[in-house]
Amino acid sequence: MTLDTRIQLQDVSKSYRLGKSEISIFDSLNLDIPAGDFLAIMGPSGSGKSTILNLIGGIDRITSGQVTVGQLRIDNLSEAKLSRWRAQQVGFVFQFYNLLPMLTAAQNVELPLLLTAHSRRERMERVNTILDIVGLDTRGKHLPSELSGGQQQRVGIARAIAMDPQILLCDEPTGDLDRKSAEEILDILKILNTEMGKTIIMVTHDPSATTYARRTLHLDKGQFVRKELEHMA
Amino acid sequence: MNLLRQCVAVTNANLRSVRRRFWISFSLVLSVALVTMILLGFLAMANGFNKALTQVGAEDIAIVLSSGARSELGSRITPPHLHLLEEAPGIARDANGAAFTSPELIVPVDVIGKSDQLPAAVSLRGVGLRGVAVRPLVKLSEGRMFAQGANELIIGKRLAQDYEGLELGKTILFGKSKWKVVGFFDADGSVFESELLADAKVVQTLFNRPNLTQVLRVKLAGPDGFAQLASYIEANPRLPVTVRSERQYFASQSQRVSQIILWLGWPLALTMALGAIIGALTTMYSSVSDRLIEIATVRAIGFSRTSAFIGTWIEALLLTLIGCGVGTLAALLLLDGWAASTVGADNTQIAFELQLSLSMIINAVAVSLLVGAVGGGLPAFRATRVPLRLAMTGRS
Numbered sequence: 001m002t003l004d005t006r007i008q009l010q011d012v013s014k015s016y017r018l019g020k021s022e023i024s025i026f027d028s029l030n031l032d033i034p035a036g037d038f039l040a041i042m043g044p045s046g047s048g049k050s051t052i053l054n055l056i057g058g059i060d061r062i063t064s065g066q067v068t069v070g071q072l073r074i075d076n077l078s079e080a081k082l083s084r085w086r087a088q089q090v091g092f093v094f095q096f097y098n099l100l101p102m103l104t105a106a107q108n109v110e111l112p113l114l115l116t117a118h119s120r121r122e123r124m125e126r127v128n129t130i131l132d133i134v135g136l137d138t139r140g141k142h143l144p145s146e147l148s149g150g151q152q153q154r155v156g157i158a159r160a161i162a163m164d165p166q167i168l169l170c171d172e173p174t175g176d177l178d179r180k181s182a183e184e185i186l187d188i189l190k191i192l193n194t195e196m197g198k199t200i201i202m203v204t205h206d207p208s209a210t211t212y213a214r215r216t217l218h219l220d221k222g223q224f225v226r227k228e229l230e231h232m233a
Numbered sequence: 234m235n236l237l238r239q240c241v242a243v244t245n246a247n248l249r250s251v252r253r254r255f256w257i258s259f260s261l262v263l264s265v266a267l268v269t270m271i272l273l274g275f276l277a278m279a280n281g282f283n284k285a286l287t288q289v290g291a292e293d294i295a296i297v298l299s300s301g302a303r304s305e306l307g308s309r310i311t312p313p314h315l316h317l318l319e320e321a322p323g324i325a326r327d328a329n330g331a332a333f334t335s336p337e338l339i340v341p342v343d344v345i346g347k348s349d350q351l352p353a354a355v356s357l358r359g360v361g362l363r364g365v366a367v368r369p370l371v372k373l374s375e376g377r378m379f380a381q382g383a384n385e386l387i388i389g390k391r392l393a394q395d396y397e398g399l400e401l402g403k404t405i406l407f408g409k410s411k412w413k414v415v416g417f418f419d420a421d422g423s424v425f426e427s428e429l430l431a432d433a434k435v436v437q438t439l440f441n442r443p444n445l446t447q448v449l450r451v452k453l454a455g456p457d458g459f460a461q462l463a464s465y466i467e468a469n470p471r472l473p474v475t476v477r478s479e480r481q482y483f484a485s486q487s488q489r490v491s492q493i494i495l496w497l498g499w500p501l502a503l504t505m506a507l508g509a510i511i512g513a514l515t516t517m518y519s520s521v522s523d524r525l526i527e528i529a530t531v532r533a534i535g536f537s538r539t540s541a542f543i544g545t546w547i548e549a550l551l552l553t554l555i556g557c558g559v560g561t562l563a564a565l566l567l568l569d570g571w572a573a574s575t576v577g578a579d580n581t582q583i584a585f586e587l588q589l590s591l592s593m594i595i596n597a598v599a600v601s602l603l604v605g606a607v608g609g610g611l612p613a614f615r616a617t618r619v620p621l622r623l624a625m626t627g628r629s
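Read top to bottom, the protein sequences are chains A and B. Taking the working numbering, I'd label the letters of the first sequence as residues 1 to 233. Taking the working numbering, I'd label the letters of the second sequence as residues 234 to 629.
Everything labelled a hint here was simulated from the structure, so no lab data went into it. For every residue, glycine included, the Cβ atom is placed at its ideal position computed from N, Cα and C. Check each hint, because a few of them may be wrong.
[Claimed, not checked] Simulated DEER-style distance windows between Cβ atoms: (1) B/Gly508 <-> A/Gly197: 40 to 48 Å; (2) A/Asp27 <-> B/Leu263: 48 to 56 Å; (3) A/Thr194 <-> B/Thr515: 46 to 54 Å; (4) B/Leu237 <-> A/Ser13: 52 to 60 Å; (5) B/Leu507 <-> A/Gly197: 56 to 64 Å; (6) A/Arg120 <-> B/Ile511: 36 to 44 Å; (7) A/Gln223 <-> B/Leu237: 44 to 52 Å; (8) B/Leu507 <-> A/Gly135: 54 to 62 Å; (9) B/Phe259 <-> A/Ala117: 45 to 53 Å; (10) B/Leu603 <-> A/Gly149: 41 to 49 Å.
The task is simple: from the sequences and hints, build the whole structure.
Here it is in structure tokens:
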């Protein structure tokens, strides 16, 4: 069952202050992402793709407008509430994996589970299950430096889904990988979307990666300029 | 519970990453170790000096000086006053009624240090017939007692160890007078061991100090002895002298020097601690900079600001505590029991041992925690302000 995780950005503006000048990333942006969607966002560097992920994931604040996930407005949540919401509802997959290098693969996947009341045994069971899903059941004790790029990204995905969030935010998840590894990662994301009902928003520069998404939006200078709908059957 | 787990996880990750910052972390440990060692060194010095003078001070021995004199060197008791004091109540007496008193004088004499070959002044003390009887700690360890009327002396064990020529059977020259070393004594490592003892009358004669008595040392009769003697002196206006128990006297003598040691030691240690705080700030800012992406990532995952703060803070506190441990261990191995000497109130050498105690180590731990808390606090606060969007843009 897909929970109500419809994501809506309404009249959202975002600007950054750089010295005395203010740089506008986008102005009055609207976006509606239904629950269970797999949305790819493309666009040139600096177009605001990652900023959209940051705003939806609550790791950056909007300048004006509102961001709603399900029935919850997240743009006016306190820092602490936003942290708790993020821990439960959002998984992040980063371009450079962002694994903690001194922790093993299993320990990296366990990290978000430390935010729950699960016992160590329950956490370990969950970690093993997830590592199995991403095909790394025999690599749990390895340090990130002992894994290939593709394997590290799988650990990154495992960590992102450890808390079973409904939303996965992927920032260039294949940007640092060779073609074969990239395809394996995209296959996993596709399965998470189609079989587990996760809502996935993926920022990418790679046109072939968009074929795994249900639809693609092109962003340029803070505006969606082109839409491509329904890649997947 | 949840927060505790977060803190443990972040701290664990931080500590495991210390290897990446080994040298800067090592420099912090080293600077705190130095601060600890210097602080403990000064505290142990003050403590050792204090103990050398006060712990041996007995309550049943009294020291009589002339009024207004702060130490033996500035005191002078005339023969008529000595006679009056011999008759005073409160003084222990033998079966024949003779008082257990020792009229004494000190003459500074020069000896040569074994380690530095430099001259140093030590006390040659002329004592009365009962000079050893009023010093219960003094025990002849080698040789024999000096003979009355002879230019012979016995030497404190510590002096014999530290200075040249003070050997059994040898004759030594002080000014124009020759003295034969006939015995060694020990006195439980106390200040008495820093002196040479000889017959007072011979000292007066050979150093041209006829009838000079600077101090009268008295063995008191029972617990009321001191009060009786003090009342007698107070009630007798012909006696321009003051009396203190040996313990009170040594305490007053040691207070000034130990205070000087502490006044020098604490500011120096605190100044160095300030340097260590700056070192801790640098180290921990470097730690935070090194882990920016990691901090942003765990915060993006849902870890709280508090866990980021505590994780960084604990790293600083642990590093400084390790430094404190190293400094304490070094102080225990290198300084504890180390023999030192200084110039006492009579302008002569007083030998003592540096002595560490638990309370000093607690002080050192407190200073280290201060270094860690302040030096780690600001970087820890910075860790809580790391922009989370760095997780999206940086390579860990």
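**Request:** Starting from the hint 41 to 49 Å, judge whether the C-beta atoms of B/Leu603 and A/Gly149 obey it.
**Result:** holds (45 Å)
**Message:** Given a hint of 36 to 44 Å, does the C-beta separation of A/Arg120 and B/Ile511 actually sit inside it?
**Reply:** Since A/Arg120 and B/Ile511 have Cβ atoms about 41 Å apart, the given range 36 to 44 Å holds.
**Asked** Holds or violated: 52 to 60 Å for the Cβ distance of B/Leu237 and A/Ser13?
**Response** Distance hint for B/Leu237, A/Ser13 is violated at roughly 40 Å.
**Item:** Verdict for A/Asp27, B/Leu263 (Cβ pair) under range 48 to 56 Å
**Value:** holds (55 Å)
**Range hint 56 to 64 Å (beta carbons of B/Leu507 and A/Gly197) holds or violated** = At roughly 59 Å between Cβ atoms, A/Gly197 and B/Leu507 fall inside 56 to 64 Å, so the hint holds.
**Asked** Regarding A/Thr194 and B/Thr515, is the given constraint of 46 to 54 Å on their beta-carbon distance met?
**Response** holds (52 Å)
**Message:** If I claimed the Cβ atoms of B/Gly508 and A/Gly197 lie 40 to 48 Å apart, would that claim hold in this structure?
**Reply:** violated (59 Å)
**Asked** Is it true that the C-beta distance of B/Phe259 to A/Ala117 lies inside 45 to 53 Å, as the hint says?
**Response** violated (39 Å)
**Prompt:** In this structure, is the beta-carbon distance linking A/Gln223 and B/Leu237 contained in 44 to 52 Å?
**Reply:** holds (47 Å)
**Prompt:** Does the Cβ-Cβ separation between B/Leu507 and A/Gly135 fall within 54 to 62 Å?
**Reply:** Holds: the Cβ-Cβ distance is about 55 Å, inside 54 to 62 Å.
The structure shown violates the earlier hints numbered 1, 4 and 9.
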